[in-house]
Amino acid sequence: MQVVPLKIEHAQEQDFRQVLSVINTTINTIYPKYYPAGVVRFFLEHHAPEKVQQSIKNREIYILSSNGIVVGTGSISGNEIGRLFVLPQYQRQGYGKLLMDFLERTVLERYGSVTLDASLPAIRFYMQRGYRLISFESATTASQDILCYPVMSLHR
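Mapped onto UniProt numbering, the consecutive letters of the sequence shown carry residue numbers 1 to 156.
Pairs of lysine to aspartate or glutamate residues, derived as EDC-like cross-links and limited to a Cα-Cα distance of at most 20 angstroms, are as follows:
id: 1; residue 1: K7; residue 2: E104
id: 2; residue 1: K97; residue 2: E109
id: 3; residue 1: K51; residue 2: E13
id: 4; residue 1: K51; residue 2: D117
id: 5; residue 1: K33; residue 2: E45
Honestly, the hints are just simulated from the structure, not real lab data.
Taking the hints into account, I'd like the entire structure generated from these sequences.
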């Protein structure tokens with residue numbers, strides 16, 4: 001059995017293209033199964049290149065690499081975890097769990113609780129990790145689609 005080296009670290013400016021690729025690939029592949037086209041566009045704009053670049057500069061984004069390839073990403077801003085994406089071909093193999101374990105540990109050490117906005121594809125994942133619903137929020141997209149999403153929290 002071959003051991004695959006995994007690494008979680010802050011994203012650097014040179015990781016920008018790979019981070020953006022993970023985000024866009026995941027949104028374009030997975031989200032159309034759950035959301036109308038206008039909401040998918042909303043997510044792509046919400047994670048626009050300039051926003052991702054700024055988050056990298058602010059040292060908010062972490063990357064999970066396998067053999068030097070960025071397979072997942074997540075961000076921390078205060079006690080909020082966001083921008084959690086794992087490439088579709090690496091999903092359901094423990095990469096998201098590994099990345100969330102790290103992100104949660106980092107936040108909980110400082111704040112004692114985590115909050116996040118959950119996408120439809122990820123709600124079950126978060127509930128299985130012990131997250132509880134705080135509220136449902138909504139946003140109207142430029143195409144007049146309505147995005148409803150749960151805000152969830154975890155306390156330790």
